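Student: In case you want the letters, here they are:
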Amino acid sequence: MDPRLFRITPSGGWGLALAALAFVFLPMVSTSYWLSVFTSAACFTLALAGVAFMYARLGMVSLTQVGLMGVGGWVALRLNHAYDFPFEVNLILAATVTMICGWLLALPALRMRGLYLALVTLMAAGGLEIVFATFQFPNGGEGFWGVQTGSGEAFRRPWLAQSPENYLRYVIVCAVLGFLLIELHRRLQPGRAWALIRRSEAAAIAAGVNVTLYKTWAFGISGLLGGAAGALLAGSLGLLDDGTFRASESVMLFALAVVGGARHWLGVVIAAALYKVLPALLNLWGVDADLAFVIFGAGLLHAVITAPDGIAGQILGALRKKGGRNAAG
Amino acid sequence: MLRVEGITVRFGGVVALNEVSASFTAPVSGIIGPNGAGKTTLMNVMSGFLTPVSGQITMEGQDLLRLPPHRRAHWGLRRSFQREEIADDLSVFDNVLVQTDHSRTPSGEKRREVARMLDLVGLGAMAERMGADLNTFERRLTDVAKCLVGQPKVILFDEPAGGLSVEETHRLGALIKAIPGESGAKVLVIDHDVDLIREICAETLVLDFGRRIAFGPTDAVLADPRVKAAYLGTEEVGA
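Protein sequences appear in the order of chains A and B.
For the first sequence, this note's numbering begins at 177 and goes up steadily by one.
For the second sequence, this note's numbering begins at 20 and goes up steadily by one.
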């Protein structure tokens with residue numbers, strides 16, 4: 177086995193250290209309001225990791241991720257109310273179903289690139305938005321859709337994470353596992369194939385890479401992460417609302433992945449913080465949370481014009497420069 | 020023997036290749052011709068990126084045109100492009116290893132072969148360097164190493180010396196010439212550098228406007244008046 181497979185890079189080490197600190201201290205210092213915000217941010221970190229992975233590794237723009245989160249959330253809720261499975265089983269099944277949805281989404285998208293691919297995924301997100309708005313999310317009712325009027329039944333959280341504090345820790349662990357899954361792929365055969373596909377599909381084919389297989393695989397991983405994020409969000413809130421999974425939110429999620437920096441885990445964390453923590457802060461300060469959209473727009477312009485690797489790229493570049501100066505001094 | 024028989028390719032009303040046939044028997048063969056002659060089109064047909072209207076390409080009893088493009092690579096066809104296609108965010112080692120990923124050979128054996136081929140092209144010490152940090156010549160050598168791994172049967176080089184200095188071209192020529200001895204693969208080279216073709220190719224096919232105008236031993240082909248006319252024009256040759 178390749179010894180480099182389990183090597184911890186300095187960047188990975190910092191990521192794991194940050195996750196460990198968040199795991200231990202974040203639940204300890206957070207009020208119930210912030211526990212809810214951070215749990216939601218951690219769920220969206222997992223979904224963002226999928227979007228950023230598709231964009232950074234294959235150059236593919238997926239604008240369906242929040243819709244796929246909705247699929248994961250729907251399946252988790254439906255299973256929770258229909259059967260007595262443990263949360264983990266619901267989580268795995270929800271992620272698997274969403275992965276299959278990702279594969280299905282890949283089929284029409286495989287022959288398209290760039291703007292056309294983005295449009296196809298956006299149309300899928302629009303379709304999912306209509307389905308969620310029409311049929312709503314299960315809350316313990318009868319029939320296939322499982323919806324009833326009035327308050328629904330309670331959602332069972334993981335045995336290990338009954339309290340909000342422990343649930344935040346649980347979601348942080350899941351997000352770290354998501355990042356590790358992507359990194360494992362990056363270091364193995366799929367990662368090499370994706371790098372070559374992004375460089376040139378013709379070169380990848382000439383190297384014997386089955387481009388269709390590996391593109392579908394990437395859609396599947398992105399769907400799996402989105403589905404897991406949706407199931408975790410369902411676990412956090414107990415029930416889901418169709419307004420959370422609008423197509424416009426998928427566009428926002430992708431834009432923030434670009435602003436944060438899709439090529440680095442730090443960019444994904446920054447994007448999740450911008451998406452969930454910044455509006456919560458503005459709310460707390462009594463400022464209209466819609467101001468966040470203005471900030472996102474400015475951030476996107478900044479990324480497009482001057483920072484192709486996003487805020488994370490700029491931070492890491494500045495740190496490298498500082499490190500270089502210190503070494504020279 | 021690599022046999023190309025009656026290959027015709029049309030782009031709408033334009034006939035890019037017109038009943039081109041040649042049986043390549045030499046270890047290293049060349050394909051030359053003026054711009055737009057159909058050289059790269061022929062390589063694209065061999066690689067599977069273009070489907071001909073008619074014709075056959077066979078080697079060792081395998082009809083290459085029946086295989087999808089990535090299966091041709093599994094069979095043993097290798098291809099380098101005019102622009103060296105090296106992934107910037109993969110190391111030199113991984114850029115070469117990707118060519119063997121489809122094979123069922125044990126991982127350790129594959130890694131040893133990659134290391135051996137990197138040594139052969141002179142990049143052994145650079146195996147961990149990232150693609151983004153390579154110069155044009157190093158990228159081209161990585162491309163050559165990629166073509167050498169996984170027991171290749173036919174290697175197609177499309178203008179491998181483009182953008183290289185005279186010295187680098189000379190080194191690359193020597194390397195390409197050594198490939199059949201090292202790997203047993205047959206090599207086809209497209210290039211505009213006639214000196215390079217003369218130096219490394221025992222036989223050469225000349226195309227012009229999609230037609231074969233000469234094929235045979237390189238010195239004889241390069242001395243052919245029709246070939247000189249294709250490159251220089253009839254007035255200059257007449258003068």
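These are calculated hints, taken from the structure and not from any lab test.
Since we're looking at a predicted model, the values are computed, not measured.
Even for Gly, the Cβ is constructed at its ideal location relative to N, Cα and C.
Hints should not be assumed to be uniformly reliable.
Using C-beta positions, here's what the derived DEER-type ranges look like [what the hints assert, rightly or not]: (1) B:GLN170 <-> A:ARG501: 46 to 54 Å; (2) B:ARG217 <-> A:LEU477: 33 to 41 Å; (3) A:ARG501 <-> B:GLU186: 47 to 55 Å; (4) B:SER122 <-> A:LEU192: 29 to 37 Å.
With a straight-line Cα cutoff of 20 Å, these simulated SDA-like cross-link-like pairs (lysine to any residue) come out [to be verified]: (5) B:LYS129 <-> A:PRO366; (6) A:LYS497 <-> B:ASP152; (7) B:LYS172 <-> B:MET20; (8) B:LYS247 <-> B:GLN75; (9) B:LYS172 <-> A:ARG363; (10) B:LYS129 <-> A:ARG439; (11) A:LYS497 <-> A:GLY414; (12) B:LYS196 <-> B:GLN170; (13) B:LYS196 <-> A:PRO366; (14) B:LYS129 <-> A:LYS497; (15) B:LYS129 <-> A:HIS361; (16) A:LYS497 <-> B:GLN170.
Student: Below or equal to 20 Å on CA atoms is what counts here, so check LYS129 (chain B) against LYS497 (chain A).
Tutor: It is violated: about 38 Å lies between the C-alpha atoms, which goes past 20 Å.
Student: Can you confirm whether the C-alpha distance between LYS129 (chain B) and PRO366 (chain A) stays at or below 20 Å?
Tutor: This hinted pair holds, its Cα atoms lying about 16 Å apart.
Student: Measuring from beta carbon to beta carbon, are GLN170 (chain B) and ARG501 (chain A) in 46 to 54 Å?
Tutor: holds, 49 Å
Student: Hey, LYS497 (chain A) versus GLY414 (chain A), does the alpha-carbon distance stay inside 20 Å?
Tutor: violated, 46 Å
Student: So if I understand the rule, the pair passes when the alpha-carbon distance is 20 Å or less; does LYS497 (chain A) with ASP152 (chain B) pass?
Tutor: The hint holds at about 18 Å.
Student: CA of LYS172 (chain B) to CA of MET20 (chain B), is that 20 Å or under?
Tutor: holds, 10 Å
Student: LYS247 (chain B) and GLN75 (chain B): Cα distance at most 20 Å?
Tutor: violated, 29 Å
Student: CB of ARG501 (chain A) to CB of GLU186 (chain B), is that within 47 to 55 Å?
Tutor: violated, 37 Å
Student: Starting from LYS172 (chain B), check that the Cα of ARG363 (chain A) is at most 20 Å away, please.
Tutor: Roughly 29 Å between the alpha carbons, so the hint for LYS172 (chain B) and ARG363 (chain A) is violated.
Student: Run the distance test for LYS196 (chain B) versus GLN170 (chain B): straight-line Cα separation, threshold 20 Å.
Tutor: holds, 17 Å
Student: Do the Cβ positions of SER122 (chain B) and LEU192 (chain A) conform to the proposed distance bound of 29 to 37 Å?
Tutor: With a Cβ separation near 34 Å, SER122 (chain B) and LEU192 (chain A) satisfy 29 to 37 Å, so the hint holds.
Student: Compare the distance between the alpha carbons of LYS129 (chain B) and ARG439 (chain A) with 20 Å, and conclude whether the hinted pair is satisfied.
Tutor: Judged against 20 Å, a Cα distance of about 29 Å means the pair is violated.
Of the numbered hints listed earlier, those contradicted by the structure are 2, 3, 8, 9, 10, 11, 13, 14 and 16.
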